[in-house]
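Residues per chain are reported as follows:
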Amino acid sequence: MLNWTLRELISAPQQLLASVAAVAGAFALVLFFEGIFAGESEQIVALIERTEGDVWVMQKGVGNMHMATSFVSDWKIDAVADVEGVEKVTPILYLNSAIEAGGRSWFSFVVGLEAGDGRAGPWKHAGGAPLPGPGTAIVPDIFAADAGLAIGGTVRIAGRDFAVAGFSADTFSMANSITYVTMSDLADTMSSIGSVSYMLVDATPGVDPAALAGRIMDQVENVNALTRAEFSARDYSIAVQMGLEIVWIMTLIGGALAVLLTGFIVYSHISERERELAVMKALGVRNRAIYASTMLQALAIGAMAFLLAVALMTAAVPLTEWLMPKVSLAMTGAALIRTGVTALIVSLVASIIPVRRVLSVDPVTAFQQ
Amino acid sequence: MIRLAWKNALLRPGRTVLIVLSVAAVLAEILVLEGFLAGSYTQLRQAVLRRGGDVMVAQAGVTNFLATRSILPQQTRAAVEAIPGVSGTHPLAALAAIYEAGDLRTPIIVLVYDDAGGPAGIMSGRPPTEDGEIAVDHALAERYGLVPGDTLTLSDYDFTISGITRGEAALFTPFAFMNFDTLIEFYFDSDVASDIAAFPLLSFLAVDAAPGTDPAELAERITAQVADAQAILPKDLALNDEGLGRELLGPILNLLLGLSYGIGAMAIGMFTFAAVRSRRKTLGVLRALGFTARDIVTGIVAEAVAIAVAAIPPGLLLAIGLAALIEWVAPVYLLQVMEPRALLQTALVAVVLAVLGALAPLRMLMRLDPATAFRE
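Here the protein sequences line up with chains A and B, keeping their order. According to this note's numbering, the first sequence holds residues 61 to 429 in order. According to this note's numbering, the second sequence holds residues -18 to 357 in order.
Some hints here could point you the wrong way.
Claimed, not checked - Think about it this way: if two alpha-carbon atoms lie no more than 30 Å apart in a straight line, the pair counts; the simulated DSS-like pairs of lysine-lysine are:
(1) A:K386 to B:K216
(2) B:K216 to A:K341
(3) B:K(-12) to B:K216
(4) A:K386 to A:K184
No lab work stands behind these hints: they were computed from the structure.
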């Protein structure tokens, strides 16, 4: 029976290839969708992760950076610096805003840095000045390429024009690229003199960041302090939660599509081999064995399609980075497990489709002309 | 050939239904993605257009409504109202916040309004009229199980939910509404009090033009005469926000649509391949009867096109059902699967995919030997 199953499966290699490719396409679509959300979510926390501060301090009641507003009076910078275990405090001003260039708009985290202090600045330099000066901005290289911006070009942030002084790498995402300007320029743009948004705190070597965060909250009034890991996890979870339902629904749609496609190919095989099945039944092969064979075919198609989808996705990550650098794509273990389980369920459900056909085959037809 | 294809379809109705359903599923998936894109753009436009006014005044240089920060000086309102052609102004403020309950966190956009610019539709309860009240969108209410009368806490300030709004969301973010008295109370009573200087009190002014006044001319006059402000027509502001959405969603969704089209072509190719393979003997008879390979290819293409056309209505129904399911599960999304441009485009794409897919077994068809008809 196993031989018959395998022979059947490869009896029409082009058809099998088309089937596997179509089902793999449905799985790849799900992996792509989830990969884009994961990629964007990873980029959303790039600023927090890549600046590698030990503790982040913000307004009380605020626990995020993505789509959040935080203002802390600037006198609190010294108060935080005085807390035991703090080695350095780097304040930033922050604005979540659209930035304009060449008649188009993009979402951006706009970060205001203290003049000449690159601690919270770009972590990867891609040309021009490494830090912003008065009236200038450091923009992501991918954004600059997309907007056709060169050094000296103009970007508009919250209604004010800035000259592009340099480019940063690894700071672009569709949802939130990172643009750096000086803190005084951003304060002027935001009319927020005397405030900062967040403070990046470096702990003295050997100091536990969680304990330090607790001390800062105890000793400085009306602030919230989170370790880098906590702060990053909170922003990441927001980004993931925003896309959670749609990812599940796309998985459902892709899965349903895969069920129909796999079901069709197994059904076709059964339909074309009714006479052979009748002979088998006449020779005593049970329905159960035939049904196990169709399930095996469906499982084989599902497994091949899943592996092809993973291969496609593995190739797509670097390819997308090269061909469409605007799109951040990432493959997560959770996505692979979920799609793998979907492939298994798809195969089992698809194998139900031809059951009626198998049961309806009459052994007597083997002896009829 | 077409009659033969039709008879063949009727001969195996189960198989035909499965093929049509599979193609319909591919089309539905394309329509859902197109509807998602169209709905997202509509939400972005509506976020501005539902605030009313003939002209919208923002901070000088600000050309977007959402995802940007606009702060107008308090005296701007008086300056705008003094301009000939202005019959009234309605202040608006916008601020971003994160609502958190348990392990769930959702970004929200709080729109503060006075006498106009509030929620366009209320599902239950009423708009916020009393101090400390807030109306939240169905998308947020559904996720957290909120109803009118419940408490909603932002920055340790407890609001009372006065009503649940309908369709007030954009960029995957639900809106919330409150009046200016509540905003002031929130600023002073919550944890932001010590740093209040940096928070917006006036972001935009929705301006009503006097009867007979051209809004475009009025916008120009306001921009020219009011310092630190810029006037823009709501439809232009809406288009700017849509442009922002296109930059965000366009490349991603287009990539996914491209992939969906590829799946569609492969699926139809698979069906026609299977159809040709299972009818080799019948097709051999036709060749023996004098039909040319070209006739047979034409017939197969026509059959594939017929399947694609037959799949459009169930595909559309499936898409409508899926869109309703998505909006029910996650009301923050709007899926406009009935958008005419997307519908027409998908129907045309279905036909093109059918033709491309039908060419998959071309080599097999061209090599079809009439002698097949006489072989066992």
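Open item on the list: Output the indices of the hints that this structure fails to meet, ascending.
Closed with: 2 and 3
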